[in-house]
Amino acid sequence: MVLTLSLVVVTALVSACGGSSNTGSTAENGSGTSANSGQKAEKKTYKWFVARGVDSPPAVTVKEIADEFSKTHPEFELVLEGTGDRPSYLQKLRTLIASNEMPAMFDTDPDAYASKLVEKGKLVDMKKLLQDLGKYDAFRPVALQYQQFADGSMYTLPIEYGIEVFWYNIKMFKDLGLEPPKTFDEFLKVAETLKQNGITPIAVDGKDKWPVLRYLAFEPFRMTGNDFIENVKQGKASFKDPAGMAGIKLVHELGTKGYFQQGFSSTDYTAARDLFLAGKTGIYYMGSWETMNFANDKLSADMKDNIGFFRLPMMDGAKTAENDYFINSGIGVAFNQETFDDTMKEFVKFLLEKYPEAYTKKGQFSPFNYSLDQAQGMPEVFYKIQDEIAKSGSVFAVPWDTRLDPATNELLGNELNALALGAHTPDDFADLMDQAIKENAPKYFK
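Residues -16 to -1, 1 to 430 (mature numbering (1 follows the signal peptide of the UniProt record, and there is no 0)) are what the sequence shown spells out, left to right.
Where hints are given, some of them may not hold.
[Claimed, not checked] Derived Cβ-Cβ restraints for the label pairs, each shown as a range:
no., residue 1, residue 2, range
1, D159, K427, 47 to 57 Å
2, D371, R78, 16 to 26 Å
3, Y367, K422, 41 to 51 Å
4, G105, K282, 42 to 52 Å
5, D69, E170, 47 to 57 Å
[Said to hold, decoys possible] Think about it this way: if two alpha-carbon atoms lie no more than 27 Å apart in a straight line, the pair counts; the simulated DSS-like pairs of lysine-lysine are:
no., residue 1, residue 2
6, K158, K282
7, K55, K76
8, K288, K112
9, K224, K422
10, K100, K173
11, K368, K166
12, K111, K368
13, K193, K220
14, K111, K329
15, K193, K100
16, K76, K220
17, K303, K173
18, K288, K345
It is worth saying that the hints were derived from the structure and are not from the lab.
Because the structure is a prediction, the values reported are computed rather than measured.
Where a beta carbon is used, it is the ideal one built from N, C-alpha and C, also for glycine.
Go ahead and model the full structure; you've got the sequences and the hints to work with.
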């Protein structure tokens, strides 16, 4: 059975005029009637500002469930709005919030900015809500841990789940006598072999910045777990420490040796993926949320059944295991405390009941303890990834952009591509980042 992703038409919500106290939820007289009272219900429109794309599987699934909920709660309407890329999204989100126009729902990581919103009482306590609804234990433990702040509190709802792996072109590797690399030394040798044979080794989305940032974090994670990033973010460690320099040198080498595609810094998410799917590169690092795109019937004959994956490589003296790598529940959904009324609470309860099956049947991997058996007829690669998820470890790498203070994080994103392009030496880049943390971290980590 091949499941086709349903597309929904998403209506953009026009922002209210300046001076409005909140545009997350708007009320108007409607013709709907309350399911409980039989009286006319006041129409309530809630906005979800989406970072992951309004046509992404999580957004489509939530929207479909919201439309189903509206049939019995005609006063309720969920409208999605998004932007083209993550940097633009973050900029607009902060502008909306600064203008007292916080959406009813919005996507955010448990980062320093979200922490400030929590301190101001702006967000719904999601951990408490899930516990009150009896749904906390229905989630995969790592899915919840990923959404938590360092103190264990949680203010975002996970609606995704995935492991991140290196996808590779099986035939390309076989033709060149290559095996999936198990160490970083082997990884670099594979990249060099591909390049020497006229093949671009790695496709990467440089425009959105975070995919390149992953490469910076790989070796530090193997060397220290998450200790390096947790210490360096507060100036308790230095980017010139061995772990920091290992990550910096890897990004510098991958970029300056031409292992990333030409023009990678301006290549967006879709273009990078499509470059790999067109057979133009040998390797593409991305999460398991892309699995169904790698089993698509529309792939060329050369690419069908020709995509494998391998884990994050190891290194001598690694403190993490082979099955420890980037595992996450994606960017979470925060709820505006001011607009979180009884109707929205009922919707969340309904969503939690419907979401696991609806989302998984789109070929995705659920943050809930929910999986599909072979009888569902999903592509072979789906079940391979599902098995890999079951084997994954309990230690997961945390994305650095959810740990650094906002100013340092912005600088890192802006300068990381420059490092890969050779505009910074590794030592200069380390000094730049250490100075940024010295200036900015004390404002956030006290």
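To see whether the hints hold, each was checked on the structure:
1. D159 with K427: 47 to 57 Å: holds, 53 Å
2. D371 with R78: 16 to 26 Å: violated, 40 Å
3. Y367 with K422: 41 to 51 Å: With a Cβ separation near 49 Å, Y367 and K422 satisfy 41 to 51 Å, so the hint holds.
4. G105 with K282: 42 to 52 Å: holds, 48 Å
5. D69 with E170: 47 to 57 Å: violated, 33 Å
6. K158 with K282: holds, 23 Å
7. K55 with K76: At roughly 32 Å apart (the allowed maximum being 27 Å), K76 and K55 break the hint.
8. K288 with K112: With Cα atoms ~45 Å apart, K288 and K112 exceed 27 Å; violated.
9. K224 with K422: OK: K224 and K422 at ~14 Å, within 27 Å.
10. K100 with K173: It is violated: about 44 Å lies between the C-alpha atoms, which goes past 27 Å.
11. K368 with K166: holds, 18 Å
12. K111 with K368: violated, 31 Å
13. K193 with K220: holds, 25 Å
14. K111 with K329: holds, 14 Å
15. K193 with K100: holds, 23 Å
16. K76 with K220: Measuring from Cα to Cα gives roughly 32 Å; hence the hint is violated.
17. K303 with K173: holds, 23 Å
18. K288 with K345: This hinted pair holds, its Cα atoms lying about 21 Å apart.
Hints 2, 5, 7, 8, 10, 12 and 16 from the earlier list are contradicted by this structure; the remaining hints agree with it.
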